[in-house]
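Novice: So you can see what is in the structure, the chains are spelled out below.
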Amino acid sequence: MSDFTYFAQVLVSGLGTGCIYGLIGIGFCVIYNASGIVNFAQGAFVMLGGMITQVALTRLGLPLPIAAIIAILLVAISGTVLERVVVRPLWDRNATMFVMILATLAAQIVVERATLLAVGDQPRTLPVFTDLPPLKFGGVAVSLQLIWILVTSCLIVAGLAVFFQKTKTGKAMRACAIDREAAALQGIPVKRMLALSFALSAGLGALAGVLITPTQYTAFNVGVPFAISGFIAAIVGGFGKPSGAFLGGLLLGVVQAAAIAGFGSGLKNVAALSMLLIFLFLRPGGIVGASK
Amino acid sequence: MTAAPARILETQALTARYGHVQALSAADIHVCAGELVAVLGPNGAGKSTLLRAILGLASTTGTASFHGEPLPRQDPVAVSSRGVVLVPEGRGIFGPMTVSENLQLGAYRLRGDKAEYGRRLARVLALFPRLGERLSQTAGSMSGGEQQMLAIGRALMSDPKILLLDEPSLGLAPRVIAEIMEKLALLRDEGLPILLVEQKAPAALKLAQRAYVLVLGRIVACLDPRDLSSHDDLAKYYFH
Ligand SMILES: Nc1ncnc2c1ncn2[C@@H]1O[C@H](COP(=O)(O)OP(=O)(O)O)[C@@H](O)[C@H]1O
Ligand SMILES: [Mg+2]
Chain U
1 MSDFTYFAQV LVSGLGTGCI YGLIGIGFCV IYNASGIVNF AQGAFVMLGG
51 MITQVALTRL GLPLPIAAII AILLVAISGT VLERVVVRPL WDRNATMFVM
101 ILATLAAQIV VERATLLAVG DQPRTLPVFT DLPPLKFGGV AVSLQLIWIL
151 VTSCLIVAGL AVFFQKTKTG KAMRACAIDR EAAALQGIPV KRMLALSFAL
201 SAGLGALAGV LITPTQYTAF NVGVPFAISG FIAAIVGGFG KPSGAFLGGL
251 LLGVVQAAAI AGFGSGLKNV AALSMLLIFL FLRPGGIVGA SK
Chain S
1 MTAAPARILE TQALTARYGH VQALSAADIH VCAGELVAVL GPNGAGKSTL
51 LRAILGLAST TGTASFHGEP LPRQDPVAVS SRGVVLVPEG RGIFGPMTVS
101 ENLQLGAYRL RGDKAEYGRR LARVLALFPR LGERLSQTAG SMSGGEQQML
151 AIGRALMSDP KILLLDEPSL GLAPRVIAEI MEKLALLRDE GLPILLVEQK
201 APAALKLAQR AYVLVLGRIV ACLDPRDLSS HDDLAKYYFH
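Listed in order, the protein sequences are those of chains U and S.
Just so we're aligned: the first sequence equals residues 1 to 292 in the numbering used here.
Just so we're aligned: the second sequence equals residues 1 to 240 in the numbering used here.
I should point out that these hints are in silico values taken from the structure, not numbers from a laboratory.
Please note that a few of the clues may not be correct.
[Stated by the list, open to error] Below, simulated SDA-like cross-link-like pairs (lysine to any residue); rule was C-alpha separation at most 20 Å, straight line: (1) Lys168/U x Met97/S; (2) Lys191/U x Val77/S; (3) Lys168/U x Leu135/S; (4) Lys168/U x Arg111/S; (5) Lys166/U x Gly112/S; (6) Lys166/U x Arg73/S; (7) Lys166/U x Tyr117/S; (8) Lys191/U x Arg82/S; (9) Lys191/U x Arg73/S; (10) Lys191/U x Thr138/S; (11) Lys166/U x Leu110/S; (12) Lys166/U x Pro96/S; (13) Lys168/U x Arg210/S; (14) Lys168/U x Ala115/S; (15) Lys168/U x Asp113/S; (16) Lys166/U x Thr138/S; (17) Lys166/U x Ser100/S; (18) Lys166/U x Gln137/S; (19) Lys161/S x Ala122/S; (20) Lys168/U x Pro96/S.
[To be verified] Simulated restraints, written as ranges between beta carbons of each label pair: (21) Arg226/S x Val162/U: 52 to 60 Å; (22) Ala118/U x Ser143/S: 55 to 63 Å; (23) Gly19/S x Leu60/U: 52 to 60 Å; (24) Arg119/S x Phe163/U: 25 to 33 Å; (25) Thr63/S x Leu277/U: 34 to 42 Å; (26) Ala178/S x Val162/U: 38 to 46 Å.
Even glycine gets a Cβ: it sits at the ideal position worked out from N, Cα and C.
All chains should be built: construct the whole structure from the sequences, respecting the hints.
Specialist: Next up, the structure:
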């Protein structure tokens, strides 16, 4: 294998995980924009997406697409439950960002432990969506699951752009992000927008979990690493900008893949966190924001 | 004797505090049908607090009622939905969004009724033709005067039953202030009751049927602008 195809292969696999980080990062942005809250339970949604799909598939014998849709809907609903039970009572009391982060982190741990009790600690996986041999472009192999990930992610990003730019509800959510009080004065139901943002982010997280599980595995404790990667993607993208978060995710995925290829998998987290630091120091506004 | 005109908006012993600071003490004011009522007072007097208290944005005791019904507290969405609409201090426009999007959000509660939306938009653009020229421009990139017009226009898009304005003249040139006051007079003449909070008394007194003077959180006077022989009468409240 030439250096070039090797490089291209690394790039391609990095783009796949990058899309997943990007989707999770967008989840952070959607909630942050609607409320100023950084929701560290985001990883729980990713884990639940893969896990519920797997359980629906194996225990209930549902076909994969149905199982996936049910999982995404259930997780979206659980997002609104989290909002109602944990976030809103604190929000109403004007809790600080720090309290909010701790509370969502606590929720993450509760979900994680409950999952451990319910389904045990065995890693599980899902079948690939289309079971055919990988496509070959020159010497570069591209698995069909990767194509699923890339296409679905791009469709989601485009769909979200249309939602936020063109629909009245999307515009109202943006208005809440810009000035919550002014939004309320227009009669925009800001609390319902907050619940909607949690449903949307949870659904996005679950979708990310469903897409990635066939290439990896899922277990009760995969949430936190995904949340950290998605959080880095969001920071790199200039927190609050969904398109930026997606680009940030892609960049993070590629950098990680390159670091693993060059220095071994032990460097995976070092690469991710180094990238976070570099951005915090040099470009705190993110890729699409202004430089420092 | 004619019957007293109906009180559209009325506060009774409305009191507001921020923690231990009482910023508004037992304010009794009212606005009748067709009136433009001014609330004047120096900086820090509690004018914004009065409007925020009516909207239920501040923590209050006493009552604010609209057509005789008490307004909900701590729920500005519900108060706005009754047609009591505030153009806040600092305008509160959605700067990164376009003028058109801002106006659209003003009509947020209007669901799907395209014809009604068109009527409201036409009314706002007739009142502020400059907004019509700038529909696709980013709201934050407009001049202060245009932003204030947008804030008022956006409020009108909700078809308010009464308009509350918090220092619309703030930071604007005299010519622009005159233009905005003229539009408020037009709205009042169309039958929209207005409660106008201003620090700049002369501009507001030209339009008002009645003017309350608010000093240190208390309503200290209720004046008829026609009785004011000179502005010195007012100055004594500002500087005592
Ligand atoms: N959020 C707040 N927290 C504490 N004090 C406040 C707050 N907002 C206003 N105040 C105080 O309440 C008083 C009235 O303020 P305000 O209603 O804004 O006055 P005005 O609008 O007449 O200039 C002032 O003394 C101000 O310092
Ligand atoms: Mg004020």
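Novice: Tell me, in ascending order, the numbers of any earlier hints that this structure violates.
Specialist: 6, 10, 13 and 25
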